[in-house]
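Generate the whole structure from the sequences, applying the supplied hints.
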Amino acid sequence: MKHYEQTGYLSIRDILIPSEQHLKKGVACIECIQEIPCNPCVDSCPVHAISMKDINAIPIVDYDVCIGCGKCVSICPGLAIFVLKTVDEKGIITLPYEFVPLPANGESVHALNRKGEVVTKGVVKKINKRDDTTVVTIEIPKKYIMDVRNIRLQKIK
Amino acid sequence: MRGGLPLRIKDHPILSFDWQESLPFTFNGKKLKGYTGDSIAAALHANGITTFSTSLKYHRPRGFFCGIGKCSSCLMEVNGQPNIRTCITPLQANISVTQQDSKAAWPKNATNSFYPPQQKNVDILIIGAGPAGLEAAIAAASLGAHVLLVDENTHIGGQLVKQTHKFFGSKQEKAGTRGISIADQLNQQLQKPPINKRVDLLLNATVFGYYEDNNNKFYTFGVIKRKEYTTIHYKIRCKSVIFAVGAMENMLLFPGNDLPGVYGAGAVQTLMNVYGVQPGKRMLMVGAGNVGLIVSYQLLQAGIDVACVVEAAPIIGGYHVHAAKLRRHGIPILTRHSIKEVLGKEKVEGAIITTLDEHWQPIPGSDQTISCDTVCLAVGLTPSTRLLSQMHVQMNTIPEAGGFVALHDHTMQTSQPRVYVAGDTSGIEEASTAMIEGKIAGISAALSLGHTKKDAEKTRQQFIDELDQLHAGPFGQKPRQAKQRIARHWRKNYETL
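As you go down the protein sequences, you meet chains R and S in turn. Counting in numbering that gives the first Met the number 0, the first sequence runs from 0 upward without gaps. Counting in numbering that gives the first Met the number 0, the second sequence runs from 0 upward without gaps.
Hints in this document: simulated from the structure, not taken from any laboratory. Here a beta-carbon is modelled for each residue, glycine too, at the ideal position from N, C-alpha and C. Accuracy of the hints is not assured; some may be wrong.
[As the list claims (entries may be wrong)] Listed next, the in silico DSSO-like pairs over lysine-lysine satisfying Cα-Cα at most 30 Å (straight line):
no.: 1; chain 1: R; residue 1: Lys128; chain 2: R; residue 2: Lys154
no.: 2; chain 1: R; residue 1: Lys120; chain 2: R; residue 2: Lys141
no.: 3; chain 1: R; residue 1: Lys128; chain 2: S; residue 2: Lys280
no.: 4; chain 1: S; residue 1: Lys238; chain 2: S; residue 2: Lys29
no.: 5; chain 1: R; residue 1: Lys52; chain 2: S; residue 2: Lys457
no.: 6; chain 1: R; residue 1: Lys52; chain 2: S; residue 2: Lys196
no.: 7; chain 1: R; residue 1: Lys154; chain 2: S; residue 2: Lys280
no.: 8; chain 1: S; residue 1: Lys238; chain 2: S; residue 2: Lys452
no.: 9; chain 1: R; residue 1: Lys70; chain 2: R; residue 2: Lys125
no.: 10; chain 1: S; residue 1: Lys280; chain 2: R; residue 2: Lys120
no.: 11; chain 1: S; residue 1: Lys56; chain 2: S; residue 2: Lys452
no.: 12; chain 1: R; residue 1: Lys125; chain 2: R; residue 2: Lys154
no.: 13; chain 1: R; residue 1: Lys24; chain 2: R; residue 2: Lys89
no.: 14; chain 1: S; residue 1: Lys9; chain 2: R; residue 2: Lys154
no.: 15; chain 1: S; residue 1: Lys9; chain 2: R; residue 2: Lys114
no.: 16; chain 1: S; residue 1: Lys170; chain 2: R; residue 2: Lys52
no.: 17; chain 1: R; residue 1: Lys125; chain 2: S; residue 2: Lys170
no.: 18; chain 1: R; residue 1: Lys141; chain 2: R; residue 2: Lys124
no.: 19; chain 1: S; residue 1: Lys9; chain 2: R; residue 2: Lys120
no.: 20; chain 1: S; residue 1: Lys107; chain 2: S; residue 2: Lys32
no.: 21; chain 1: S; residue 1: Lys196; chain 2: R; residue 2: Lys114
no.: 22; chain 1: R; residue 1: Lys128; chain 2: S; residue 2: Lys477
no.: 23; chain 1: R; residue 1: Lys142; chain 2: R; residue 2: Lys52
no.: 24; chain 1: R; residue 1: Lys1; chain 2: S; residue 2: Lys344
no.: 25; chain 1: R; residue 1: Lys142; chain 2: R; residue 2: Lys23
no.: 26; chain 1: R; residue 1: Lys128; chain 2: R; residue 2: Lys142
no.: 27; chain 1: R; residue 1: Lys124; chain 2: S; residue 2: Lys9
no.: 28; chain 1: S; residue 1: Lys196; chain 2: S; residue 2: Lys224
no.: 29; chain 1: S; residue 1: Lys170; chain 2: R; residue 2: Lys70
no.: 30; chain 1: R; residue 1: Lys125; chain 2: S; residue 2: Lys9
no.: 31; chain 1: R; residue 1: Lys114; chain 2: S; residue 2: Lys339
no.: 32; chain 1: R; residue 1: Lys128; chain 2: S; residue 2: Lys9
no.: 33; chain 1: S; residue 1: Lys69; chain 2: S; residue 2: Lys224
no.: 34; chain 1: R; residue 1: Lys70; chain 2: R; residue 2: Lys124
no.: 35; chain 1: S; residue 1: Lys280; chain 2: R; residue 2: Lys1
[Said to hold, decoys possible] Here are some of the chain S residues that sit facing chain R, going by a computed Cβ distance under 10 Å:
no.: 36; residue: Pro115
no.: 37; residue: Gln118
no.: 38; residue: Lys119
no.: 39; residue: Asn120
no.: 40; residue: Val160
Okay, here's the thing in structure tokens:
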């Protein structure tokens, strides 16, 4: 029995962590670790950085090839892909967000971890409203880059 | 309360609802307001009415449970006609709806003018216009067969029309596309020539019985079409039939499980995603399979709070990615927990959950009271198979398939010649595999009648292989075992076929 099958959230040990260098460049981190029959991320990648042996395999990102474009973030049916990037002491995360209302550019939001706990404050840098899944880019302190995976608006509009 | 429409969804990240055109109607003589596109039950629910009828013996309140015309708890009297399934009957202006207390009397203004039935002869009758039935119709018509597609609902698409999430699977099977968009795409394919000339649609209609025909080339079915609270009968004679009738929601035993406010997962999705009505304000979800997890997330998107998800098994049964979406919004998923009791007299006012030990037994003293106004049961589905039984198709209980199913081979052929199954009725799975099975059944039915095209059999084999691929992973184990057991029974009985 795996711990995430009981709790519903991954621990850092379950994830292929990008190196400092990869994070500086900005890469897609896929938190999809079960063999489920699904492969749209592979097709969505413009540089063929995501590979799967067959449709049930776990997707593997080649962080050397990935350009962090985020196309896979909005296509993933499991909303399980996040683009992670660090600039000096800042962490920049692009995450899927399928809720209304959307935050505004520059708005401060609660940054939540995989359990939905508030861990820090985030500032919205970009909103890409799309037909598939809207993606939001936020800026947080660099040290939370492997923790923050969701946002919550500070004010109920 | 928002603008006088407390339960109507105004803002939604995926769907848009229009609350412009209102329709007046009465309930027990009281004037109420619904909207164009509402079902009667949805309009009542949005007005805060939760009791639609009462039980036969103890006159306990009954609300709606399944929301898709399969249970009987929403039967009401509409314009003097009793036993109307209000969950699938569209609301019309100025109708009079009355709560039905247990059994109804024969209506005073009953008319029988539409009998004797109209007769129709078709190549292939397809029962159910969900993902399996639609793909079957398109596949069979593409090979030149004439198809009659019958569905109980006022719209095609079956359960696809409430699937706001993006589908998994491969690109060929529309992965990454939301179910609601897949329903639109299939509808567009139906409208294209020559498909549109070969497929007749009969909506709002129920296939209610199978009848012997003197001519053994044909199968005869009785169909009843509802129109303006009255009915038209059809006698349908077909050379081949495809059952794509789907499944029914499972019930769970606990005190209060019949109270209004305890819904099946399909009902919750129907209310919020089809009619834009919030089922409640705070939901307790029972079951952490994919359905329970996906519907919980859809509840959050519709602005409804989810108290927690309880799951009796020691592990979350659905995909981790679905569980992760809920957890990062702070929704607890409690494995080894079950619902013990629902609180309330007229409707749900709370629930008690309990912890289970490794033998699935409640641990004394572990009860917790959950504050909620609604409970959603996502505890599996049972294939709908009664017409197949009536036809004497060979059936067997296959637990991995969800219960009693028709034995069938890899071409979806049952024990009766030219009778096919596809989708949940052939074993519980999900829409992606239902669509592939529909294509296989559609091709098989057309081939059995001599309609063919170059490479038709090769195409069918490709779909069969694709289905095997989708079943190859660990989550495909259960459907794979189901199909293997069905194949074993099939070989034992029909090796010579």
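Hints and how they fare:
no. : hint                 : result
1   : Lys128/R to Lys154/R : holds, 21 Å
2   : Lys120/R to Lys141/R : holds, 12 Å
3   : Lys128/R to Lys280/S : holds, 28 Å
4   : Lys238/S to Lys29/S  : violated, 50 Å
5   : Lys52/R to Lys457/S  : holds, 25 Å
6   : Lys52/R to Lys196/S  : violated, 42 Å
7   : Lys154/R to Lys280/S : holds, 19 Å
8   : Lys238/S to Lys452/S : holds, 19 Å
9   : Lys70/R to Lys125/R  : holds, 15 Å
10  : Lys280/S to Lys120/R : holds, 28 Å
11  : Lys56/S to Lys452/S  : violated, 58 Å
12  : Lys125/R to Lys154/R : holds, 19 Å
13  : Lys24/R to Lys89/R   : holds, 13 Å
14  : Lys9/S to Lys154/R   : holds, 18 Å
15  : Lys9/S to Lys114/R   : holds, 28 Å
16  : Lys170/S to Lys52/R  : holds, 15 Å
17  : Lys125/R to Lys170/S : holds, 29 Å
18  : Lys141/R to Lys124/R : holds, 15 Å
19  : Lys9/S to Lys120/R   : holds, 29 Å
20  : Lys107/S to Lys32/S  : holds, 27 Å
21  : Lys196/S to Lys114/R : violated, 53 Å
22  : Lys128/R to Lys477/S : violated, 38 Å
23  : Lys142/R to Lys52/R  : violated, 34 Å
24  : Lys1/R to Lys344/S   : violated, 41 Å
25  : Lys142/R to Lys23/R  : holds, 13 Å
26  : Lys128/R to Lys142/R : holds, 28 Å
27  : Lys124/R to Lys9/S   : holds, 27 Å
28  : Lys196/S to Lys224/S : holds, 21 Å
29  : Lys170/S to Lys70/R  : holds, 15 Å
30  : Lys125/R to Lys9/S   : holds, 25 Å
31  : Lys114/R to Lys339/S : holds, 26 Å
32  : Lys128/R to Lys9/S   : holds, 19 Å
33  : Lys69/S to Lys224/S  : holds, 16 Å
34  : Lys70/R to Lys124/R  : holds, 17 Å
35  : Lys280/S to Lys1/R   : violated, 33 Å
36  : Pro115               : violated, 50 Å
37  : Gln118               : violated, 44 Å
38  : Lys119               : violated, 39 Å
39  : Asn120               : violated, 41 Å
40  : Val160               : violated, 18 Å
Hint compliance for this structure: hints 4, 6, 11, 21, 22, 23, 24, 35, 36, 37, 38, 39 and 40 are not met, and every other hint is.
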